[in-house]
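J.: For the sequence shown, this note's numbering gives the first residue as 1, with consecutive numbering after it.
Worth flagging that the hints you see were computed from the coordinates, not collected in a lab.
A few of these clues could be false.
To be verified - Have a look at the derived ranges for each label pair, beta carbon to beta carbon:
| no. | residue 1 | residue 2 | range |
| --- | --- | --- | --- |
| 1 | Val-209 | Lys-173 | 53 to 59 angstroms |
| 2 | Pro-48 | Tyr-19 | 22 to 28 angstroms |
| 3 | Gln-179 | Val-225 | 45 to 51 angstroms |
| 4 | Arg-189 | Met-210 | 27 to 33 angstroms |
| 5 | Val-57 | Thr-84 | 55 to 61 angstroms |
| 6 | Lys-201 | Gly-125 | 50 to 56 angstroms |
| 7 | Thr-224 | Glu-170 | 52 to 58 angstroms |
| 8 | Gln-29 | Ser-134 | 38 to 44 angstroms |
| 9 | Gly-153 | Pro-48 | 21 to 27 angstroms |
| 10 | Asp-128 | Asp-43 | 48 to 54 angstroms |
| 11 | Arg-160 | Phe-36 | 30 to 36 angstroms |
| 12 | Arg-174 | Met-226 | 50 to 56 angstroms |
| 13 | Arg-186 | Met-210 | 32 to 38 angstroms |
As the list claims (entries may be wrong) - Straight-line distance between alpha carbons at most 30 angstroms, and here's what the computed BS3-like set of lysine-lysine pairs gives:
| no. | residue 1 | residue 2 |
| --- | --- | --- |
| 14 | Lys-109 | Lys-126 |
| 15 | Lys-94 | Lys-138 |
| 16 | Lys-94 | Lys-109 |
Virtual Cβ for every residue (Gly too), placed ideally from N, Cα, C.
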Amino acid sequence: MIQELVMAAAGAAAAVTVYAGAAARVVKQYERGVVFRFGRLRDDIRSPGFTMIVPFVDRLHKVNMQIVTMPVPAQEGITRDNVTVRVDAVVYFKVVDAADALVRVEDYKFAVSQMAQTSLRSIIGKSDLDDLLSNREKLNQGLELMLDSPAMGWGVAIDRVEIKDVSLPETMKRSMARQAEADRERRARLINADAELQASKKLAEAAGVMSDQPAALQLRLLQTVMAVSAEKNSTLVLPIPVELLRFLERATPGAEQVPSSSAVAPPPPLSEAYLKGRAAAEEAIEDLTGSSVEPTHGEPDP
Numbered sequence: 001m002i003q004e005l006v007m008a009a010a011g012a013a014a015a016v017t018v019y020a021g022a023a024a025r026v027v028k029q030y031e032r033g034v035v036f037r038f039g040r041l042r043d044d045i046r047s048p049g050f051t052m053i054v055p056f057v058d059r060l061h062k063v064n065m066q067i068v069t070m071p072v073p074a075q076e077g078i079t080r081d082n083v084t085v086r087v088d089a090v091v092y093f094k095v096v097d098a099a100d101a102l103v104r105v106e107d108y109k110f111a112v113s114q115m116a117q118t119s120l121r122s123i124i125g126k127s128d129l130d131d132l133l134s135n136r137e138k139l140n141q142g143l144e145l146m147l148d149s150p151a152m153g154w155g156v157a158i159d160r161v162e163i164k165d166v167s168l169p170e171t172m173k174r175s176m177a178r179q180a181e182a183d184r185e186r187r188a189r190l191i192n193a194d195a196e197l198q199a200s201k202k203l204a205e206a207a208g209v210m211s212d213q214p215a216a217l218q219l220r221l222l223q224t225v226m227a228v229s230a231e232k233n234s235t236l237v238l239p240i241p242v243e244l245l246r247f248l249e250r251a252t253p254g255a256e257q258v259p260s261s262s263a264v265a266p267p268p269p270l271s272e273a274y275l276k277g278r279a280a281a282e283e284a285i286e287d288l289t290g291s292s293v294e295p296t297h298g299e300p301d302p
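Please construct the entire structure, taking both the sequences and the accompanying hints into account.
T.: Have a look at this one:
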């Protein structure tokens, strides 16, 4: 009798152990448990920790509540300004309602991936190339709104969307490089022209000061000579302006007096043959025109 009781107790303990093993479940901290009893959704969502279900009656599905990082495959499209580009992105989302994520959509990850690809192609067609390259923050917000609207019905919340890379054709890259180079050259020319304008104004002011004080020009020339001679060159080329020579000429006393050695020599005497020829010409003119025409007497050409 006692042996039968012991065997019965052992059998009951084994049954309880099997039942407990079949009914016991552990839900991790980042998970939530959704229970279906005979195919119907139970209202109570199992929180993290140890939980029990009815074996062979309940089905426990664990849903990951962590943020999921999903890369969006590169999508090729044509922008609004007719440029072919390839754009890839990344989507960060998480499940906020475990029951809706299981009941309302078959595979919420696949659904979010397809919606992200479709939205990315739509954004490419609505945007210009400059927006894709420089105004990505606005496009990211637009993508997030386009994904978040249908995803909320699936129990999924879009955390953020980021455009990773924009691939351009090689011809477009070369064109943009030429455009950037031309823009840089334009800026350099404007800067040089502005520098020349400022330098010309300063030079004009310096010229006005030097015109009031002619000795300043000579001092400036001496400073230039000293600067050049400091380089220890073997040959020194010294340009002397004409204004400096005129200034030195005016500053020299008695420069306006012409020395006797430089006096102009008197013209040479006229030859006898020239005088006879001239007298013959005057007689011929008197025979043709009469005495009313007087020949012009002046200095003969040498």
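J.: What are the numbers of the hints that this structure violates, sorted from low to high?
T.: none
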